[in-house]
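So the chains spell out like this:
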Amino acid sequence: MSFLRIHAQPSRAAYFVLSWFLFAVGVISYFYVAIERHRENPDDRVMPTVSQMVQSFRDAASKPAEEDDAASSSMLWKDSIATGRRFLISVALLVPAVLLGLHMAMFPYVGALFLRFFQFFDKIVALSLLPIIFIAFGIDELSKIMLIVIGVAPTIVLDTFNLSKSVPRETIVKAFTLGAGDVGIAYRVVFKQILPRVLNSIRLNLKAVMLFLFAGEMIASTDGLAYRIALLRRHMGMDTIIPYVLWVALLLFLVDWGMNLLNRTLHPWFQEK
Amino acid sequence: MNIRIHNVSVEYSRPILDNIDLEIEAGEFVSIVGQTGCGKSTLLRLILGEEQPTSGQVIVGGKPRRQPDPTCGYVPQKYSLFPDRTVLGNVMFGLKGGRGCRDKAMHFLRRTGLQDSDAGKYPHQLSGGMQQRVAIAQALVLNPPVLLMDEAFSALDPGTRKGMQGLMRDLWRESGTTIVFVTHNTREAVCLGTRVIALAKDSSERGSSIALDISAPHLDFDSDEAELRSVICEVESATTNSQLTQHVFL
Chain A
1 MSFLRIHAQP SRAAYFVLSW FLFAVGVISY FYVAIERHRE NPDDRVMPTV
51 SQMVQSFRDA ASKPAEEDDA ASSSMLWKDS IATGRRFLIS VALLVPAVLL
101 GLHMAMFPYV GALFLRFFQF FDKIVALSLL PIIFIAFGID ELSKIMLIVI
151 GVAPTIVLDT FNLSKSVPRE TIVKAFTLGA GDVGIAYRVV FKQILPRVLN
201 SIRLNLKAVM LFLFAGEMIA STDGLAYRIA LLRRHMGMDT IIPYVLWVAL
251 LLFLVDWGMN LLNRTLHPWF QEK
Chain B
274 MNIRIHNVSV EYSRPILDNI DLEIEAGEFV SIVGQTGCGK STLLRLILGE
324 EQPTSGQVIV GGKPRRQPDP TCGYVPQKYS LFPDRTVLGN VMFGLKGGRG
374 CRDKAMHFLR RTGLQDSDAG KYPHQLSGGM QQRVAIAQAL VLNPPVLLMD
424 EAFSALDPGT RKGMQGLMRD LWRESGTTIV FVTHNTREAV CLGTRVIALA
474 KDSSERGSSI ALDISAPHLD FDSDEAELRS VICEVESATT NSQLTQHVFL
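Same order as they appear, the protein sequences are chains A and B. Each residue of the first sequence is one higher than the one before, counting from 1 in my numbering. Each residue of the second sequence is one higher than the one before, counting from 274 in my numbering.
It is worth saying that the hints were derived from the structure and are not from the lab. Fair warning: this is a prediction, and the values are worked out from it, not measured in the lab. Any given hint could turn out to be false.
Stated by the list, open to error - Restricting the straight-line Cα-Cα distance to at most 27 Å, the calculated cross-link-like pairs of lysine-lysine (DSSO-like) are:
#1 B:K369 to A:K192
#2 B:K377 to B:K351
#3 B:K377 to A:K192
#4 A:K207 to A:K123
#5 A:K165 to A:K207
#6 A:K207 to A:K78
#7 A:K165 to A:K192
#8 B:K336 to B:K394
#9 B:K394 to B:K377
#10 B:K435 to B:K394
#11 B:K394 to A:K192
#12 B:K351 to A:K192
#13 A:K165 to B:K351
#14 B:K394 to B:K369
#15 A:K78 to A:K63
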């Protein structure tokens, strides 16, 4: 049983086969069951076959949505743009959160003003604020963006705060002895040093951003990927829902991969510890 | 630049330093020794301006210390370098720019024993000894009147350490800067410094005070071993003169 040991060294082939094994099992068993169900009931809507999903995805990509006139050419495109726009605005609004966290860590008076408040704010379950947000901001775009910002910003603020605090005191003192000023140290020394970790922190929180975005879109929206998924649930449109779920996963994967690539290119000195 | 420490006491939850009175003249190379937790690093941080005394005054070049500034160069044991800058970028950090800036930085890198090919490397690509060489170059390139070193060579292996000690002595002779060098290694303190100050605690209720202050400008690493030993013994007995220093306070 040497393969169950901590010191076991799987061969390249074994690693390749094992790492794809569960994907293969999932895909094969899905289609096996789907084909069986379709043999019994050709109109089965719960488990669409590959050809049905490909067809639906093609339709989604090339035809406008039912509720639309022919002005927009592609339902998938329109939904992706709507969701992508909200996503980008939300991520852009995290930039002030990063700067706030940095200033809280660097300047004790700023920290005194904000730290306790954000520690409290961070514990509020953002989704429980959803009704309040809808009442306060209405059910249009603003409320959806606010939900994401309220949900994710405190985490980013506190994380940036901790990352800034973890920069060794020696480094900061050294910068002072080399003639740097307060603002210079905050931005030229500390911020530059934590930036790759901040980007990694934002990458980890992309999942949370998407979660809040989808919650907002499913509850109150007239477009977007999550709106479509929620809408198609009423029609049992599994042949479109499944490709949409995979499409969202692919988009998120690409964003994460792109940010990682950017991080490594911009910060060749960065060492994961 | 001279350093005046008048009746300085430092107290946190327990007393650290008790009534330290010390005058360091310009151009001295002062070693401060003492056991772990005796407050020698605290004394260094007072001169640096990173900490303020509970009572008393720390005056460098006629001015009381408020916060760290370019008056005092600083070489800590680690975390001295900016990891996001190359070796050259680290040394050039304090320079205001302009012509000759790069040449000056390169000169100091060569002087501290680095190759031209190291200039483009990042700190994590260098060994611990090389990193400390860069840290020294980074501090000295600004020609600070006072240079403070906190266990600067303590993390290095003996061979590297010896080379660095020789280098430090040469750099001190060239620059004429006042150096305060904190270490827990008595031999290093005696051989490097022209003056050795030992800190020790008399009782647990009080902080450390100066137990010994000797001048040893004639001693270096090539000195007669017997003579060196006797001075080292003297200093070591001063740092352990009370039973209380035997156990570590937590």
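Going down the list of hints, with the structure as the test:
1. B:K369 to A:K192: OK: B:K369 and A:K192 at ~19 Å, within 27 Å.
2. B:K377 to B:K351: Holds, at roughly 24 Å.
3. B:K377 to A:K192: holds, 25 Å
4. A:K207 to A:K123: holds, 18 Å
5. A:K165 to A:K207: Holds - the C-alpha atoms of A:K207 and A:K165 are around 25 Å apart, at most 27 Å.
6. A:K207 to A:K78: With a Cα-Cα distance of about 22 Å, the restraint between A:K207 and A:K78 holds, given a limit of 27 Å.
7. A:K165 to A:K192: Answer holds: A:K165 to A:K192 is near 14 Å, not above 27 Å.
8. B:K336 to B:K394: violated, 38 Å
9. B:K394 to B:K377: holds, 18 Å
10. B:K435 to B:K394: holds, 24 Å
11. B:K394 to A:K192: holds, 17 Å
12. B:K351 to A:K192: holds, 19 Å
13. A:K165 to B:K351: Cα-Cα ~17 Å, so holds.
14. B:K394 to B:K369: Roughly 22 Å separates the two Cα atoms, so the pair holds.
15. A:K78 to A:K63: holds, 10 Å
Of the numbered hints stated above, the single one contradicted by the structure is hint 8.
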